[in-house]
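Keeping the supplied structure of chain C fixed, place chain P upon it in accordance with the hints.
Quick note, the sequences are listed as chains C and P, same order. Here this note's numbering is used: the first residue of the first sequence is 1, the next is one more, and so on. Here this note's numbering is used: the first residue of the second sequence is 1, the next is one more, and so on.
Any given hint could turn out to be false.
[Stated by the list, open to error] EDC-like, lysine to aspartate or glutamate: derived pairs with alpha carbons at most 20 Å apart:
#1 Lys114(C) x Asp381(P)
#2 Lys114(C) x Glu365(P)
#3 Lys229(C) x Glu210(C)
[What the hints assert, rightly or not] Some chain C residues near chain P, calculated using beta-carbon distances under 8 Å:
#4 Thr221
#5 Thr247
#6 Val254
#7 Gln255
#8 Ala364
#9 Glu365
#10 Asn374
#11 Arg378
#12 Phe385
#13 Asp396
#14 Gly402
#15 Val415
#16 Ile416
#17 Gly420
#18 Gln421
Simulated from the structure, these hints should not be mistaken for lab results. Computed from a predicted model, the values in this text were never measured in an experiment. Where a beta carbon is used, it is the ideal one built from N, C-alpha and C, also for glycine.
Protein chains: 2
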Amino acid sequence: MSADLVELVTSLARRSRTAALVLATAPTVAKDAALDKLAALIDASHFELLGANQQDLLSPEAQALTQAGRDRLELNASRLRHLAESVRAVIALPDPVGDVLEDFTRPNGLRIRKLRVPIGVIGIIYESRPNVTIDCAALCLKSGNACILRGGKECFHTNTALAALISQALAATGLPVDAVQLVPTTDRTALTTLLKLNTLIHCLIPRGGESLIRFVAENSTIPVIKHYKGVCFVYVDAAADLAMAETITLNAKVQRPSACNAAEQLLVHRSVAENFLPSVSRRLRANNVELRCDAASAAILARHGLAHTSATAADYTAEFLDYIIAVRVVDSLVEAIATINRDSSNHSDAIVTADEPAARRFLAEIDSATVYWNASTRFSDGFEFGFGAEIGISTDRLHARGPMGLRELCSHKFVIEGTGQIRA
Amino acid sequence: MSADLVELVTSLARRSRTAALVLATAPTVAKDAALDKLAALIDASHFELLGANQQDLLSPEAQALTQAGRDRLELNASRLRHLAESVRAVIALPDPVGDVLEDFTRPNGLRIRKLRVPIGVIGIIYESRPNVTIDCAALCLKSGNACILRGGKECFHTNTALAALISQALAATGLPVDAVQLVPTTDRTALTTLLKLNTLIHCLIPRGGESLIRFVAENSTIPVIKHYKGVCFVYVDAAADLAMAETITLNAKVQRPSACNAAEQLLVHRSVAENFLPSVSRRLRANNVELRCDAASAAILARHGLAHTSATAADYTAEFLDYIIAVRVVDSLVEAIATINRDSSNHSDAIVTADEPAARRFLAEIDSATVYWNASTRFSDGFEFGFGAEIGISTDRLHARGPMGLRELCSHKFVIEGTGQIRA
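Pulled out of the complex, with its shape left as it was, chain C reads as follows (with noise of 0.2 Å):
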C-alpha cells in the first residue's frame, strides 16, 4: 500500500513535470483564458461546491477543530463570489515570464540575455484554507508554473471539488490538464514521499503553522521558501512624535493581531518612557491589550495605576497572534537595534522618530525583510506593495524575502547568442 503511494505521488510528479515544460512557453492570453474559464466554473458551481464543504464540515476531523478552524474551513456564497473575483484579479497581472532582466554583449561578440522563466513545478502544502486551493494555482498558473497541491484532511472533499473546476478550466483553453494537480490522498506518506522528489519538483511553499512549516522545511530535499512566524517590533525613539508613535503601535497590534506583520514587540527610549507608556497603554487597554512589561515599563505604568503584566522571558520573543504587547525600555538606539537583531523574527520592524540619521542608523542596521521607518509595520503585504497578488512572506534570505508576488514565483534563465564563439 504504501509503495503504491510512493508510485502513486511519484507519478503525478512526473506528468507535472512534463506539465511544466509546456506550460513555460503557453502564451499569456492562453494563461488568462484558462483562469477566466475557472472563475466562470467558481460562479456557475456555488451548489457542488457548497456540498463538498459541508461534506468537509461535517466529518469527525471539522467537527473536532477549532470555532477559529472551523470558520477557516467554511464556504458560502459570498466567499465563494470572493474566490472566483481573486482569480479574475489574476488575469490582470501583468505576466512576469519572458521579461528582460539583463541585455549585454561581450568583447567577443556573445549577446547575453537573462530573462525570467518559470520556476518549473512548485509544491504548495497547505492546512484548511480552500481558497489557498484557487489562490496558489491561478498564481502558479499565470507565472508559468505547474503545481502539485497537497491541503489538509479536514478539506479534502472542498479541495477536490475545487481541483475538479480547475482541471475543467485547463482543458477547456487546450493547456495541460496536469499543469494543477491536487494530492488525491492525505495519507502521510504521501507527503512524505513529495518532500524528496527533488529531480521533479524544483521549489515547495508550505502555507500554514509554524509547525508545518517547519516539518516541511526540516524534511524536504527540494528548496522551501517559508517564513516561520512574524516577531515585530515597533521602537518609539527619543525624537518621536509621541501622537505619531501611539497611531502607529495601536495599528501595528490591533488593526489585525493574528496577521504575520502585526507587532508583538514594543520598545521605548527611556527618555520618552514616561510620557508615552501612560497614554498608549490606556488605548491599547481600551482595544483590550495585554502589556506584558518590564521592571521599567511596569514601574511606570504602576506609577500611574495603569494595568499590566510582568513579562517572562519567553514574551520577549514571542509571536502571540492575539492582543497581547510585550513591552521594555531601551537606553538607547543602539540598545533598540541590538534587541531586534537578537529577537525578532527579521520580519517587519519599525522605528518611529523625527531623527532621521536615528532613522537611517536603524534602517541600515536592522537585518529584516522589511524596515519601516514613521509607519506601520502591518504593510508588509503583497497587495500592499502593490504587488497585486501575495503568495506568502519570506524570512528566508535566499531567492525572495519579504512578500512574494508573481515575479517571486518565477527564476531565469540566461539565453546566449552567438556567431560560432568558441572559448580560447
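This is chain P only, laid out in the frame that chain C set:
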C-alpha cells in the same frame, strides 16, 4: 567529546552571526583594505604556506590521493602569486551592497526601496583545493557576508595557515576577525552539526564532487545553492553550418573536459549526420576522444571505417568529465529538445543552426540555466559572463541559476519610509 564539538561549532556560528551584522554595513573601503592586506600577507608568507602545504602533502590522506588529487592540493610559488592576484582582482570589483533594485512610492505616500544587502552568514563546504579558502573568503568579504569555511581533511594544515592570514588581515584593518572562520577540526560531527544550524547560518554553498554536494543538500536544514553536475549537450541542427558545428563541438568537448560546462553529449539531425559525423569524429579522435554511439551514428561511422564504441543507456545521461562523448542521431528539432529536457542536467546546452526560428524555439523550450545558439557551452562561467568572479554555477531554480558572481552572494531588504501611515 561529540557534545563538545557541537558546542564548539555552534559557538563559532554564533560569532559569525555577530560579525555578519557588523560586516553588513562596513564601508567598501574597509573591505577593500582587508583584501589588500590579505594579498600582501600571502605574498609575504610563501615560506610558511608552502611548509604547511608540505605537511598536508606528506600526510597519509594525501598519499592515498590520485595524482590529480595531489595536484589539486599542491601549492607552489606560482600558484601563491596567482592566489594573491585573485584577491586583488576582487578589490577591483564593484561592491554590490546597497544597490537600489527598486524604488517606488505607493498612493498612500509610503516610499518603498528594495536594496541589495548581504545574505548574512554563508557556510562553504569544500574538498581539497586550497584556493577555495581564499577565493570564497574574498568574495564573501567583499559582498559583506561572514563565512564559515569547512575544507577537506587532506588540506587542513594549508587551510589553517591561509585562515590565519585572513584573520590577520581582518584584525589589521579593523574588521571583525570572526567574519571569516575556518572550522578548526575535520571531524564529521562538526560538519553534521553545521548543516543543522539554520538559525545562525543563512546559506550553504558546497563545492566539490557530486557525493559531497548531495550529502550537504540531503542533510542540511539550511538553504543550499548547488549544482550537482553538468551533462551538457550540443545539438547540430539540420540547418547547421557544419564547419561551425565541428569547431563548437570540438571546443565544447576537448578545451577542458574536466569542467562542468564541457559537452558530454552530441545530438545530430539525421539529415546532416552522414556529412557531419565522419569529419567531426576524425577531429575528436585526433584529440583522443572516444565516441560512444547509438545505432544510427555507429552505422555511419562504421561505413566510413571510423572507430567508435556502442553507447549504453547510462552513457546518455553521463557526466564523463573525460575524453568521451556520447553521440545520437535525432529525427527533428522537437526530438532534440525533448531529449535534452529529459537527459541533460539543465546546466548548459547549445544548438548550432542557421535557422533562426529553430534557434528561437530551442532557446525558449530548453529548460536549462544557460542555453546557447551558435556558441560553445564552455562560456558558462562567471568570468566569461563578465561577473569578474565566480563562486560557483547553480543548476537550482531559486535565488541563483547559472554562473554566480558577487551579486548572487546578496539578498535584499525592503526599506520603507513613511510619515505616520497606518493600515486601514
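(request) Tell me, in ascending order, the numbers of any earlier hints that this structure violates. (result) Structure breaks hint 6 only.
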